[in-house]
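Number of protein chains: 2
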Amino acid sequence: MHTLFGNLDSGNVHKVQMILTTIGELYRRVDVAQTKNEPRDEQFLAINPMGKVPAVLRQDGRVMTESGAILYYFAQGTSLWPGDADLRAEVLRWMFFEQYSHEPTLAVMRYLRHFADDPAAHTERVADLEPKGRHALSVMESRLKRKEWLAADACTIADYALYPYTRAADSAGFHISEFPGIEQWLARVEAQPEFIPLGSDGAVETLGFADYFHP
Amino acid sequence: MHTLFGNLDSGNVHKVQMILTTIGELYRRVDVAQTKNEPRDEQFLAINPMGKVPAVLRQDGRVMTESGAILYYFAQGTSLWPGDADLRAEVLRWMFFEQYSHEPTLAVMRYLRHFADDPAAHTERVADLEPKGRHALSVMESRLKRKEWLAADACTIADYALYPYTRAADSAGFHISEFPGIEQWLARVEAQPEFIPLGSDGAVETLGFADYFHP
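Read top to bottom, the protein sequences are chains A and B. According to the working numbering, the first sequence holds residues 1 to 215 in order. According to the working numbering, the second sequence holds residues 1 to 215 in order.
Just to be clear, a hint being listed does not mean it is correct.
[As the list claims (entries may be wrong)] Capping the alpha-carbon separation at 30 Å, the derived lysine-lysine pairs in DSBU-like fashion look like this:
#1 B:Lys36 / A:Lys132
#2 B:Lys132 / A:Lys36
#3 A:Lys147 / A:Lys132
#4 B:Lys132 / B:Lys147
#5 B:Lys132 / A:Lys132
#6 A:Lys132 / A:Lys145
#7 B:Lys132 / B:Lys145
It should be emphasised that the hints constitute simulated quantities derived from the structure, not laboratory data.
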């Protein structure tokens, strides 16, 4: 069985839950919380020297990190990773866009407003990020008002990658109802048979950080 | 012939120059400068609605954006994109790390110190970014003090992706001589037969922004 390290507040962890569930792989989850600085714990750094969640310790002993690389790996041989070279580049294009232009605005705004120790201290930073977040959503909207899926004519890992922090855009301070193409696309992702709501646990077993690392 | 949109100060553009040169594709370059806000010009947005360089208008009329996706596409069939699924995931892992954790610190620090209108106004921001940039370099160093290349036993597009903003780390405020593994790896990339120095033009023809978009 694979072991997923991460917490349920993380959209990057959600992506991994989605792909493991889609391909029918069972996994256990070890809770690793950014809010407690656990990704920088020495024991966790031995697993992922990059100091971030998610990380997956595969059944065969290999460690994988970076949600985009994990999505790519487990999507091999499924329709979530299309066969055409142009479509594949298009899938990766949206995934790099998410990690560079979307997640660092939407996820950070959500974090500062809801998870940071003193949200009032970050008002200026949130205001700085707002136009960038809005731009990222408008880039998605311009595609999704014309097409059902981001990168191809069917659902791909690009849709899995963009889903969580777009779903949480309201808690980042946006009104997703202003983006009707995105709203319909969110519903389309949520209608996928293997869909797991953000914040839900798809693991067969869950361990606390201390239980796993300092038993 | 392909058309590359971007400027020679951009490390993300350098990655595209490197891959096109490596596979022997001729291209012309249209200068698009962040410092003049040209990526947000309406004419350019018609090519890349994400409003960023690089973008490639391929000979066949298709537009590609996001340096990571462009590297992936053109590396197909070369040794820069290995055949093994685990190695491929490892290549993408480093490329996502670069776009999420490395470029947003090292490239932004370099930009604020050297290209921004009033570098003195950004002293605090640069100081905030410093530990993140140092962490990104230390993650690379921990790999490169043991191995010759980032993701595999040979050069891959992960090395092309991490090269430019690591090479420019001194202008971001770091001393790359403190990272001997990285220093040797930089020399290794620079010894590749197709290497182009950062800031050099490998295009067969170069057009100014206005010449191309507003002739």
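Verification of the supplied hints:
no. : hint                : result
1   : B:Lys36 / A:Lys132  : holds (18 Å)
2   : B:Lys132 / A:Lys36  : holds (18 Å)
3   : A:Lys147 / A:Lys132 : holds (23 Å)
4   : B:Lys132 / B:Lys147 : holds (23 Å)
5   : B:Lys132 / A:Lys132 : holds (21 Å)
6   : A:Lys132 / A:Lys145 : holds (20 Å)
7   : B:Lys132 / B:Lys145 : holds (20 Å)
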